[in-house]
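Novice: Chains A and B supply the protein sequences, listed in that same order.
The first sequence begins at 1 in the working numbering and counts up by one.
The second sequence begins at 1 in the working numbering and counts up by one.
Worth flagging that the hints you see were computed from the coordinates, not collected in a lab.
Wrong hints could be hidden among the right ones.
What the hints assert, rightly or not - Simulated crosslink set (BS3-like; lysine-lysine; CA at most 30 angstroms straight-line):
(1) B:K47 / A:K42
(2) A:K73 / B:K47
(3) A:K24 / B:K48
(4) A:K42 / A:K119
(5) A:K4 / B:K47
(6) B:K47 / A:K118
(7) B:K48 / A:K73
(8) A:K92 / A:K118
(9) A:K92 / B:K48
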Amino acid sequence: MMTKTILAVDDSGSLRQMLSYSLKAAGYGVIEAVDGEDGLNKARQQAVDLVLTDQNMPGMDGLSLIRALRAMKGYQRVPILMLTTESGDDIKAMGRAAGASGWLVKPFDPARLTEVVKKLIG
Amino acid sequence: MMSRPPRPDDASPAQVRHLLSGVCVHHLAEVERDLVQMDALLNEAIKKLCGSFMAIHRAIDQQHELLSDTAAEEPARAERVDALREEIGRHVGAAVTGLQFQDMTSQLIGRMVQHLAGLRDVFGALGADGANGAPEPAGDAIPAAPGRIGEGTGVRRAEPGATVRSAVNQRHMESGDIELF
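Next up, chain B with everything else stripped away, as it sits in the complex (with noise of 0.2 angstroms):
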């Protein structure tokens, strides 16, 4: 008599616990693995974008130098040179501004690795647990994983719907505030 391949329904709930959480892992694996070459990629592009921008702006400036020197026996052009500096001078103060984004986004990007981080061990606790035959989660891992997560994400315990505070809480690239004391 032909035996019927197994079905899921066969697997006990510990063993479909193992392979889901086998699954999560993976999966959570590959999201942390890209946002960490994502981090990568954008700190290496703002250094080489950053360089650039400042090599041109320091051309510009030795070429305002020239302009300065042939107009300067023309007032109305040596006027206009000057007010071109000022512009360039705005728009490469706002080039500055917004070029900081890379410093936000790391510090996001590293959090969101913490927060994945620890979901893996959560799933990878249950996935252990399952793997053992264990009916139920069991043992210190589980009610000990939720706590993993909050581990370098500035919390003691990840609560559902807990807040996690964040370091960066900018929405738009406006410079800040200063507050002298």
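Looking at chain A on its own, in the form it has when it is part of the complex (with noise of 0.2 angstroms):
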């Protein structure tokens, strides 16, 4: 069975560590970027089959890489998910109108992230 690759953006080293850690702990394969910036650039580089991304990042942030995203040819489909300190309701209007497919509220629970993820993904 193929792999399952997800994107994970987040400009914080030690997130994306204990992502990246609880992630390939569950069987999926991680693909790293700082910013929103690099996020897009890794997303070109190779398909993924889910994308996880922090909202206030320098430079490009999680709204805007989900714009891009969404506007990226493979990309329509692929769920994305808001993995922020954010929690606001006008926030996750914005999200969802951007095209996020779930948000998740930081500090993340490593089980409840796999389950969301094998729900969306397997």
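Each chain sits in its own coordinate frame; assemble them with the hints.
Specialist: Written out as structure tokens, the structure is:
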């Protein structure tokens, strides 16, 4: 069976480390990106099955990344989850309008995260 | 005739303002420097903690495999080994959730540093006016100064008592909500 690949975008090195560890332990392949711009480049280089992105990052933020990915060939239907400290209804609505598939508020619990990922991409 | 040493009463309001603003700028810069250093230390510490923690977990997993092999012919022991694995897994999950504190504190420290830099600019502008001998704060510098505090902190104008939006509202380290659209 092909390993599903997840693109994890976060400017925090420790957060990427923990995301990567949790998702790899659940059997997924993980590509890390340090911000929106880097995430977009990595998504161009390699097709991924799911994107997990932070919102507040230097340069391109999470919402801008989602909009850019949704405009990209091959990423219209790929699940994109926002993983952020932000939990306001207004920004969630913006995320939904931008094309996010879901909203996860930090800190994340590895078991709950992998459960959601499994539900979306198997 | 000996001249008496200058007393604070002798200083003009502009000179006092210049002196006080200089002291404030100095202290704010010190706090800012300490916060940046604290952020760097926390960042390095969390990287080391995460690295070691994950290595320990991997080693425990390997140990579990060995134990599973030896316990295969003893159902009660095998059951106990599996129960221990589950328990370790729960603790690992809780630790991963807890270790994410650095991501939040780093954002909060960044926000504090921006506020301090804004305040430093304000006091700097006040001091510059004092140094120029202006009797009262004049020009565009002072009215524009509060606006500078707001720059980069998510507000256009820093009015007294105004609430500045923060991206981090968590008060505890419990895992956050999940919503699928």
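Novice: All hints, please: hold or fail.
Specialist: Okay, the hints, checked on the actual structure:
1. Annotation: proposed proximity of K47 of chain B to K42 of chain A holds, straight-line Cα distance about 23 angstroms (limit 30 angstroms).
2. Taking the CA atoms of K73 of chain A and K47 of chain B, the gap is about 36 angstroms. The hint is violated against a cut of 30 angstroms.
3. Of the supplied pair hints, the one linking K24 of chain A and K48 of chain B holds, its CA atoms being roughly 19 angstroms apart against a limit of 30 angstroms.
4. Note on K42 of chain A and K119 of chain A: the hinted pairing holds, with a Cα-Cα distance of about 24 angstroms set against a maximum of 30 angstroms.
5. This hinted pair checks out: K4 of chain A and K47 of chain B have alpha carbons roughly 26 angstroms apart, not beyond 30 angstroms.
6. A C-alpha spacing of about 27 angstroms is found between K47 of chain B and K118 of chain A, which places the hinted pair at or below 30 angstroms, so the restraint holds.
7. Restraint check for K48 of chain B and K73 of chain A: not satisfied, since their Cα atoms lie roughly 39 angstroms apart, outside the 30 angstroms limit.
8. A hinted pair counts as satisfied when its Cα atoms are at most 30 angstroms apart, and K92 of chain A with K118 of chain A qualifies at roughly 22 angstroms.
9. For the suggested pair K92 of chain A and K48 of chain B, the alpha carbons sit about 33 angstroms apart, so the restraint of at most 30 angstroms is broken.
Of the numbered hints given earlier, the model fails hints 2, 7, 9; all others are met.
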